[in-house]
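Generate coordinates for the entire structure from the input sequences, incorporating the hints supplied.
Number of protein chains: 4
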Amino acid sequence: MSGAELAARTEAGRALVELAARHGAEFLDRAAAHDAAGRYVAANVDALKTTGFLAGTTPTEFGGLGVDSLHDLVVAISRLARGCPSTAIAANMHLGFAWHIQRAWRYGTAEDLAPLLKMLGTGQVVTCHAGTEPGGRSLLEPATQARACPEGYLLNGRKMFATNSEIADLVTVYLTIVDADGKPRLGSAAVPRGTAGMTVLGNWDALGMRGSGSHDVVFTDCLLPADAVRDEGPVGAVSLPLWAGLFAINFPLVGTYLGIAEYARELAVDAARRKRPGSALASQVAEIEVALATARAVLERAADVLDECLARPDAELTQDGVDVALHEFQAAKLVVNRSAAAIVDAAMTVVGGASFRTGHPLGRLYRDVRAGPFMAPYSTLDGLGFLAESGLA
Amino acid sequence: MSGAELAARTEAGRALVELAARHGAEFLDRAAAHDAAGRYVAANVDALKTTGFLAGTTPTEFGGLGVDSLHDLVVAISRLARGCPSTAIAANMHLGFAWHIQRAWRYGTAEDLAPLLKMLGTGQVVTCHAGTEPGGRSLLEPATQARACPEGYLLNGRKMFATNSEIADLVTVYLTIVDADGKPRLGSAAVPRGTAGMTVLGNWDALGMRGSGSHDVVFTDCLLPADAVRDEGPVGAVSLPLWAGLFAINFPLVGTYLGIAEYARELAVDAARRKRPGSALASQVAEIEVALATARAVLERAADVLDECLARPDAELTQDGVDVALHEFQAAKLVVNRSAAAIVDAAMTVVGGASFRTGHPLGRLYRDVRAGPFMAPYSTLDGLGFLAESGLA
Amino acid sequence: MSGAELAARTEAGRALVELAARHGAEFLDRAAAHDAAGRYVAANVDALKTTGFLAGTTPTEFGGLGVDSLHDLVVAISRLARGCPSTAIAANMHLGFAWHIQRAWRYGTAEDLAPLLKMLGTGQVVTCHAGTEPGGRSLLEPATQARACPEGYLLNGRKMFATNSEIADLVTVYLTIVDADGKPRLGSAAVPRGTAGMTVLGNWDALGMRGSGSHDVVFTDCLLPADAVRDEGPVGAVSLPLWAGLFAINFPLVGTYLGIAEYARELAVDAARRKRPGSALASQVAEIEVALATARAVLERAADVLDECLARPDAELTQDGVDVALHEFQAAKLVVNRSAAAIVDAAMTVVGGASFRTGHPLGRLYRDVRAGPFMAPYSTLDGLGFLAESGLA
Amino acid sequence: MSGAELAARTEAGRALVELAARHGAEFLDRAAAHDAAGRYVAANVDALKTTGFLAGTTPTEFGGLGVDSLHDLVVAISRLARGCPSTAIAANMHLGFAWHIQRAWRYGTAEDLAPLLKMLGTGQVVTCHAGTEPGGRSLLEPATQARACPEGYLLNGRKMFATNSEIADLVTVYLTIVDADGKPRLGSAAVPRGTAGMTVLGNWDALGMRGSGSHDVVFTDCLLPADAVRDEGPVGAVSLPLWAGLFAINFPLVGTYLGIAEYARELAVDAARRKRPGSALASQVAEIEVALATARAVLERAADVLDECLARPDAELTQDGVDVALHEFQAAKLVVNRSAAAIVDAAMTVVGGASFRTGHPLGRLYRDVRAGPFMAPYSTLDGLGFLAESGLA
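In the order they appear, the protein sequences are chains X, F, W and H.
FYI, this note's numbering numbers position 337 of the first sequence as 1122, with every residue one higher than the one before it.
FYI, this note's numbering numbers position 5 of the second sequence as 790, with every residue one higher than the one before it.
FYI, this note's numbering numbers position 221 of the third sequence as 1006, with every residue one higher than the one before it.
FYI, this note's numbering numbers position 25 of the fourth sequence as 810, with every residue one higher than the one before it.
Do not take every clue at face value.
[To be verified] Each pair of labels, with its calculated beta carbon distance range:
no.: 1; chain 1: F; residue 1: 831; chain 2: W; residue 2: 893; range: 53 to 59 Å
no.: 2; chain 1: W; residue 1: 988; chain 2: H; residue 2: 979; range: 41 to 47 Å
no.: 3; chain 1: F; residue 1: 1016; chain 2: W; residue 2: 1144; range: 55 to 61 Å
no.: 4; chain 1: X; residue 1: 821; chain 2: F; residue 2: 1025; range: 45 to 51 Å
no.: 5; chain 1: W; residue 1: 1098; chain 2: F; residue 2: 1062; range: 36 to 42 Å
no.: 6; chain 1: X; residue 1: 1097; chain 2: H; residue 2: 1096; range: 27 to 33 Å
no.: 7; chain 1: X; residue 1: 807; chain 2: F; residue 2: 827; range: 46 to 52 Å
no.: 8; chain 1: H; residue 1: 1061; chain 2: X; residue 2: 977; range: 52 to 58 Å
[What the hints assert, rightly or not] For lysine-lysine, the following DSSO-like pairs were computed, each having C-alpha atoms within a straight-line distance of at most 30 Å:
no.: 9; chain 1: W; residue 1: 968; chain 2: H; residue 2: 1060
no.: 10; chain 1: F; residue 1: 834; chain 2: F; residue 2: 903
no.: 11; chain 1: F; residue 1: 1060; chain 2: H; residue 2: 1060
no.: 12; chain 1: W; residue 1: 903; chain 2: W; residue 2: 834
no.: 13; chain 1: X; residue 1: 968; chain 2: F; residue 2: 1060
no.: 14; chain 1: W; residue 1: 1060; chain 2: H; residue 2: 968
Calculated from the structure, these hints are not laboratory results.
Here the structure is a predicted model, which is why all the values come from computation and not from measurement.
Virtual Cβ for every residue (Gly too), placed ideally from N, Cα, C.
What follows is the structure, encoded as structure tokens:
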């Protein structure tokens, strides 16, 4: 590659990125099959368990690799995505959640996280963060409810786009806690696989990211013990520590689209070298390079701003710091999504009609890349709305 | 629709456009199934036979509707495409070819076209123009050869993207005539269905336009009588009358992408009306309207320039007139392709994650619309190269 | 030019366009001087009087050229603008007003317009439509007031961007009529040059269009006879006949930016031919051609829709027809503004650093072209807002 | 500002950036006057002398601030440009040259640089790098010649866009050394103010950057002593240490356009807060935020890549390292130029017609920002050509 690709900034990050690159290369061969069948990338996730990749963001104290830089995590996700975008988002959902737990353990007051971290540190446990609801306001006012009952809480509700749900050992959700007395509260819960009342529908069938197993998960009078539901503050507001978790789960996801762009660029350049030169061909390549440099840069800068924002205990997080970080994150997400889509499109233009036939990887990338704008916390529409408000604040 | 949709300019054109609108509405329901299965739109083509739509561009003398305005033809194709883009390109390939024959009959010296026109006028015959070859230079120097032999000519070669080939009664091709003595000449032939040595591979499997049956067609010592191969002039140049035919076959095709854009716009506006208003939502709608007005305008203007260029006998066609028409055609094609892709993308943004699930029509349109830039005579790369040369000429 | 330039559709229009082309070529030499000095293009306007150009939209019955197609008018304005954009907008403001008067005479009930039409038919009278107010809502609720008094009306208020005001024989304004009894009404008036209480400030000094003399005009107890103020209906709404006038005054203005684009394209192509070829150079040329074809097409289509909408008496105008016409007009305005700006920018890129030095015409065009988005009735912001509403209606 | 503005990474850099911010705020008031008169920003440069700002990149050993990070230098230039872009490019040309000299002193073998560094360390000396020639190939094959003569060398030639030339104590140039025997060599020279045979034309008059005094400089038999001309290697190639100098002189220049964008954004947001809200207004603000985040990010990333490339002695510079750095630099330059132009344009859209009147700062920024694409080493055309080649290498 002519430009400078992103590189990890910490020792632990370098190890994770290197693993990601190896896994990505290995997963590339299977990506077409997973896509064609719309089949969850279970074998890839097993491979990620074997090497300890899934313990990447768990502290070394618990056997993990100890990556705590979101910068390095987003680079690792991008490398994985060069091979298989579906696997990249699957791995991301788990690694982001595990990062969130390590932060809670490191800075928070929650001393009960050691058992969970030990599990995560084995790299054998896979989690699913079921963050989206049909109504689209899952975070501020989850329609999913945990209603207090004598034995604990009864969960009812439905989540969508629950990547990994097919095999996840733990499904984490936000919900509204409804006690007999008192106002509704925002809560979270981690529901173990096999809990009665939790059904994974197996209904993921989409334009792209077809291997990500992003099924719906339905809770019907799903009983949880009282201490399994965590109070996250008042409904309608996102606390600063919660934002930290949201950053960890959703920001590195953006790396997926950089990885897609990088692979598309490689396909384009390979094809261009074999074609007779032409002015339009050269211009497409130049614009691909510009778009790629742009995507890398905005991702790196947002990652740096996030890492700086989060490099302090919960109590020292500031609304301003989080706002600025969210601003840079959303701008970066938009720019990476646009750049990656433009690169895939230009790559198809360079490659020509062959890229339109089923089996050519660009057709898959064209579909996968369109998932980006829908990703949480803000879709393109909500993200632009947020940036306008933030800009005028 | 708020803006002014395109309307036919001739009486015959209005009849064709009205038919197209009815057929389009009818085909909409089946579009998803054809797409999912990658199955040729045979039932739709049968419906187009029944109403005489396929005789649209055949003179009334032969029982057709007598549409000779490419403007009106492109409008009709766009209406059909609102319902089923695959059917639109299938119909187009036939109607464009039939237009070319009526023009040859009207202005040319070829008195032997009456039998063919009678067949076309029944509306029961479907043709396939197999215009593309693997090497990509099929028009200027076809690799497919017709080699003289005592019984006539032996055809050998391979064509791609041969829409309608699955059921076509006639497959038309450009080829290089190789006589024992003399230089190679450019030729054309129409090969009847079932001719020994012509094999339709049934291998169409692509990202979009999955119902168009655009299979490969292989000729292996396919014997044609001497008078079935027509001399089209020296190899390496396209004669003015041949350009007329190319315009008729390839220009109305662009209407397909306008139809896609119009349907995507409808889906977006329907969804937007049900959503809570927002600045980003409004802006997406505004830009959809701008892009749609643009696509319609460039298509209409190019159509007018083409119609004016072609409203004279072959002998009075001028290189300048054809050059200007090609310039406007290629610019319009680029703009419609870009606008339509932008509209589909914005429509997905407006609709949200639901549009990413299999079964939502926008996912199909997102794939179908990407076919446009590859279409003949010039892909995006070649079209931009042509426009630069033309601009500097 | 490689593409097809716009051409008039009527005989009268062809005469006007031909005159415009001759005048434009003549004005090109003086454009730099007018721009440098920020001096009104008085000599050019005198030349336009001499040839009868200014009587272009006055009926032949009154000695004018009788152009009533807005399509042909916009083409004529574009030709003039190839030479001098400031003169083009100056001429437009007059010709649009005169068109409005001929329509009122033709379809309206106002039999008292003959004297005015006779004056306009001489081509010696220049009008100024002072349509903008500092507050920005001049059309719906003019802050300028005509207050009834025993001798007629006293005008008070301030208008901006009043092109031609420096020498105009008549200044036309919209205002709010305030009678002693009754609700405020929307009114219009034409104030003769030299009327006491009307002051032209001579303060036009702007980034571009520096020769257009678009000064502020201030009314201070300016006394008009009672019959000089015309009742235009209730305040806060624009009647359909008023829309016709707004179309005539503001739509052909858009042709100015096409003319700018066409001249910029010529400068770019001339320079490109003298440079050593390069891929980026070719791509800039190709994109200039695409943008130019786009600008021409949207302008032509909007013109056709407007002409069709207006080809009927006031009583037969429909809200739907006017809405659709406004929709196409605003979309076309946006696209022409964007395309023209992009073409000027690309032309500077092609020409190189020389275009940045004072004296090179592209520097002037770069400044002139930026006026477009501010033009009435809707600036870019309001136009996008309108298109979103219209699209969702 | 909602997003995260760029910040210096070193202690020395922070001091320079802070000075730049203070100077920028102070220069803002005078910017309009310099622009209107097209008068060199002499008073600003005097102010920069007074605070030692001009010694910013000179090592502390010689009394300077010791900034050696190009990252921090580009941030400082951007801060200065928020107030006065002409002053920013004037300061940049000097600081970049001084940086180049400190590097040559630090890593090179040239022990004779101490006297020059002492001068630079006073902050009282201003240099002018006259890097461009009419023919446009000044770096690879300068048309300016130094012909050997008994007393040393006679310089003949012409340089353009020589910012600071009006008052510079030293004018530095690249030239072709022509000895009686031997091949032409690439050379450089620093010509002191007042040297006979060097004439500064005082002819700078341009669309923007009107205060930068970027006059032509003409050499006519200008006699220099033999040791004043330095041999820089073979003609037609740029050595790696020379690239380091080119980076230092040309890269921080890009910061000027970020500063323009940041000031334009401020003007837009201030205006938007005073307007009634609207969807199009919000969208313009959102896109301004996205473009600003993009510009900052690409600039920061390119700066980091450059700093890493240059953090080693000349002998350890690698062609690969320089190539990658140039790739990122050129991509960043393109993106910043595009983003800054888009931001200024959107800001005018937000502010409305007021921004079109002479005296509003946005009119000046609109003209200043257009200088960016012409800047060395590669204009937009050459930069895109380079990126295509680099991408395919």
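Going through the hints against the structure:
1. For the pair residue 831 of chain F and residue 893 of chain W, the beta carbons lie near 56 Å from each other, so the given range of 53 to 59 Å is met.
2. For the pair residue 988 of chain W and residue 979 of chain H, the beta carbons lie near 45 Å from each other, so the given range of 41 to 47 Å is met.
3. Checked against the hint of 55 to 61 Å, the C-beta distance between residue 1016 of chain F and residue 1144 of chain W comes to roughly 58 Å, which is consistent with it.
4. As the Cβ distance of residue 821 of chain X to residue 1025 of chain F is approximately 46 Å, the hint placing it in 45 to 51 Å holds.
5. In this structure, residue 1098 of chain W and residue 1062 of chain F meet the distance hint of 36 to 42 Å, their C-beta atoms being roughly 38 Å apart.
6. Against the hinted window of 27 to 33 Å, the Cβ-Cβ separation of residue 1097 of chain X and residue 1096 of chain H comes to about 29 Å, which satisfies the hint.
7. Between residue 807 of chain X and residue 827 of chain F the C-beta distance comes to about 48 Å, which sits within the given range of 46 to 52 Å.
8. Taken as a hint, the range 52 to 58 Å holds for the pair residue 1061 of chain H and residue 977 of chain X, whose Cβ atoms sit roughly 53 Å apart.
9. For a cut-off of 30 Å, the pair hint linking residue 968 of chain W to residue 1060 of chain H stands: about 28 Å separates their Cα positions.
10. Between residue 834 of chain F and residue 903 of chain F the alpha-carbon distance is near 14 Å, which keeps this suggested pair within the 30 Å criterion.
11. Taken as a hint, the residue 1060 of chain F and residue 1060 of chain H pair is honoured in the structure, with Cα atoms around 26 Å apart against an allowance of 30 Å.
12. Pair hint residue 903 of chain W plus residue 834 of chain W holds up; C-alpha atoms about 14 Å apart against a cutoff of 30 Å.
13. With a CA separation close to 28 Å, the supplied pair residue 968 of chain X and residue 1060 of chain F stays within the 30 Å bound.
14. Proposed proximity of residue 1060 of chain W and residue 968 of chain H is supported: the alpha carbons are some 29 Å apart, at most 30 Å.
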